[in-house]
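Each protein sequence line maps, in turn, to chains A and B.
Each number in our numbering corresponds to the 1-based position in the first sequence with 1 added.
Each number in our numbering corresponds to the 1-based position in the second sequence with 738 added.
Worth flagging that the hints you see were computed from the coordinates, not collected in a lab.
Note that the structure is predicted; figures quoted are calculated from it, not measured.
Idealized CB from N, CA, C, for every residue including glycine.
You may find that some hints are simply not true.
[Said to hold, decoys possible] Stretch by stretch, here's where chain B covers chain A in the computed footprint (C-beta under 8 angstroms, at least three residues):
hint: 1; region: 165-173
hint: 2; region: 247-258
hint: 3; region: 275-287
hint: 4; region: 309-316
hint: 5; region: 444-450
hint: 6; region: 475-482
[Claimed, not checked] Pairs of lysine-lysine residues, derived as DSS-like cross-links and limited to a Cα-Cα distance of at most 27 angstroms, are as follows:
hint: 7; chain 1: A; residue 1: 405; chain 2: B; residue 2: 928
hint: 8; chain 1: A; residue 1: 447; chain 2: B; residue 2: 1056
hint: 9; chain 1: A; residue 1: 239; chain 2: B; residue 2: 782
hint: 10; chain 1: B; residue 1: 782; chain 2: A; residue 2: 368
hint: 11; chain 1: B; residue 1: 1289; chain 2: A; residue 2: 490
hint: 12; chain 1: B; residue 1: 1289; chain 2: A; residue 2: 239
hint: 13; chain 1: A; residue 1: 368; chain 2: A; residue 2: 399
hint: 14; chain 1: A; residue 1: 254; chain 2: B; residue 2: 1107
hint: 15; chain 1: A; residue 1: 490; chain 2: B; residue 2: 1107
One-letter residues, chain by chain:
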Amino acid sequence: MESRIEKDIVEALRRTGRAMGFSELCLLTGLNESSAASAVSSLSEKGLVSVSTKETKFARLTGEGEYHSRNGLPERRLVKLVLGNGGLMPLEEARKAYPDGSFFTIALGWLRRKGWGSIRAVNGVPHIVVEKEPAEGVDEAVVRTLASGPLDISLLNTEAVKLLSGRGIVRVEEKVERLVSLTEAGRLVELKVAVTQLTPELLRTGEWRNVELKPYDVTADVEPVYPGRLHPLTEFIKEVKEIFTAMGFTEAKGPLVESCFWNFDVLFTPQDHPAREMQDTFYLSHPSSMELGDRQLVERVRRTHEDGWETGSTGWGGEWSEEAAKRLVLRTHTTCVSVRYLYEHREPPVKVFSVDRVFRNERVSFKSLAEFHQIEGIIMDRRVTLRDLKGVLTEFYKKLGLEKVQFWPSYFPYTEPSMNSVVYVPQAGRWLELCGMGVFRPEVTKPLGIDHPVLAWGGGLERLLMLKLGVTDIRVLYQNDLGWLRRVKLCP
Amino acid sequence: MPVIEVYPERLSRFLGIDVELKQLVEDLPWLATDIEDVGEGFVKIEYNPNRPDFSSHAGIARAYAGFLEIGLGYPEAFFSSPTISFHFDSRLRGIRGVLCSAVVRNIELAEQDLKEVINVQEVLHQGIGRDRRKVSIGIHDLDKIRPPVYYMAADPDAVSFKPLGMERRMTLDEVLKEVDKGLEYGHIIKGFDKYPVIVDSTGEVLSFPPIINSELTRLTPETRNLFIDVTALDEYYASRALNILLYVFKDMGGSIEAVKITYDDGSEKTFPDFTPKTMSVEASYINSLIGENLSNAEIYRSFLKCRFSVVNDGSVFKVGIPPYRVDIMHNVDLVEEVAIGYGLWRLTPTYPEASTIGLMHPETMVQDKARLIMIGLGYTEVFNFLITNEDQNYRMVRRPVCERARLANSSSLELTMLRDSLLPGLIRNLSSNKHEKYPQRIFETGPVIRVSEEGSVVSRVSLAGVSAHSSASFSEAKSVVMSLLNNLCVEKALFEKSEDPLFTPGRVAKIVLNSSLLGVVGEVHPEVLELNGLENPAAGFEIDLTHFVEKYSKR
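Input sequences plus hints: build the corresponding full structure.
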């Protein structure tokens, strides 16, 4: 199969029935030289045409030659001058009258050499003598012929060309011309056009039947393309949220800017707890505080902190400050979201989760950020136990592809008993401390009006994602390097 | 969280039996500690701040002996009657109004012991002492002191002494101004017109609590008898801190002697207070939280393993809490002790019975839907921080600084406020990706925080996108917005001429839905591009998704 161009060339060669140079081929087919050349080389590779070279010599007029072709050779002009003067003219007079002084000596030389005239002394003064108008010389005929363009020297008088080129009137140039001729195969082949791009026109006209679709080098490299895609954090958050909903949990959302009351006090974190200090928590300067609303709840929380209220606890002692509780912070965990939800949904069973942003006033480094995500799950029911917590977490991790889990005792201010879990991450080949968990203390649940045990667990999201992605610097996740975002793989 | 390096030989001294490192690494996590590191001949553990008694080998050995069942039940400690009295000056109420004290006799403190005692003291200062504010402790060489001792309020420039590690005598004021510890802790007592000092009968200063001790009573390897003062704001924590320290000295071989505190009104109090606090808990409560059916015998033994005294009357357990424990506030804390004593590893997982239906939050549903449309339109998602600064959020996008949620205490100039728009972040993302192939189309969805006229925080869910390439234009951005709105089932959004300094004048429109403002779309102002070093035009939009969230909330 051949391209349209190849087909045109073969057809042109068939019509003329002889070898052709490229210029002639281009003239006949209307192609430009470079596309004709590439088509010929492709045809030649297929053995349909052969290409031979022919050396030709061209004669062309020089600049001076062009001048003479318009005005006649210098000697011819001298002859005309002398004849016009009656065939006899004093040499010095002729020199003065000659129209182009620079050629006079040349003209005089050739006049004598060609025998068109002579110099004779008359009364002791040199005179030019011309007997008659000489016929056009062979050299003059050559100059006249070349005036219409360069010519193959084989068509011209060799002697004259040599003479003229010696005089600087004609220049001889060599040119190698490639001749294209059909081979035997080329004369006989049945031509079918090959096309690269299937076009609407080919389809519309049905012409696609008469063409061949050119095969590609299917192993060749191609330009990369990048899909519009989700951020790996979103993808992972989505995965975690889907696991939660599959396990029957409802997603809760809560304020990012939270009062200390909900962030700390409701969670029975004493007001002088180190976590509440400025170096750990972001406080707001504007606005700096909010009203707490539900007075009864505030009073119950106050009493619980001060003396345990009706919770059975000793409380923290000291005086609880409502002013301190009103202060606004960027929430340091999502547990405040969970307890707000519980406060509004006090009827068991409640299974709620969040995967959301939290903030810590920490120095940003390769392993910690001031802003990150926390995974959190809560179950409240008439009878839920520490063993259930182990069961739920085991199931949750299994759905994340983490089969090996261990639980150790631990401590958190608002859960009792407390545990933490360590999971084996196969992608990273190591154990990772993932979630803290426990049963909410009665000091937390009672003031909220919740009379049933509440299981709670939570942990950072980024560290797990880092292990899955093989990222060792947590900041990479928030750098938004488009190159990374376009190429990073999040495999299951 | 505090850490301690545990050496098996040293632990063996307090346990009375040999233990190996390997065994410690396996066992210590069951006492609620984390293995941080295993070194040459030691294991470094991290323990929780509720267990300051884990700050010494002696304290760990006490708990570990229970775990190994070689030391069960309440560790008794005895003390002899007071021979020294310590007078409390009532003017100190309101300044640092709590005083506890004790004496330890006949103790030999090897270099290791001394180091460890100082560590315990530091941990107590940090943790329950709240960085010395609430509780601070002084330990003195008793033989350098002429009792009785006085805790008194002194004028800042009336008393002088040679502070620990200093060459010359200094007044209290000078200590606060010139000595490292004074500079570090001075804030605790500054503002009072009198400062607390402890002096002996000769008037020599032993201590300037909570700042520094006197050089006079420095502990040396030759010290055999100790005088301990605890000054505090809260008596419960002061007396517990004293107990934790005394139990360490007891385990190191010292004999404890009580100190009598006398008050201006003639009343007296004696420390230490080793009377165990008691609490009662029912077996059914324990079993209901753990999810096991432990027998009374199992519960009984678990308490003993956690070093509690226990008496049971049927299924009611009355337990005595060791005086060095500060973390037992409620009988739920006893449940955890039983769980630890019984062994958490013995609890097999169960799955809760509750049958519930899972559901995503409407906000998530809307965001996910919008994300899907945006990636379909060829946009790549970015994820920026909520915390930003005025330069990024306003100046770099030509927007005027306005009412915003500001942080009070950021340690970084980069983190001063919460973003009120997503577009500045996206422009910044373009700026840091100039080397990447164009066209670049990025989007983000997430919360933006504004402050209302009444001064309260308003949180909205926003969605923004920008497209940057050689022919990015208003019409491209508008096409994207229309496609987005169409796919979010918005029919009647209007585009009206508008102004926003981030965009080029005349090439920016506000998007209005039912006469409320939904968002903005336009060509990014060339000056914004220039400020951010961008050489390709960009067009973008930002819309408020909260409108749609409300629609989904009806489900």
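Structure-inconsistent hints, enumerated in ascending order: Numbers 1, 5, 7, 9 and 11, in rising order.
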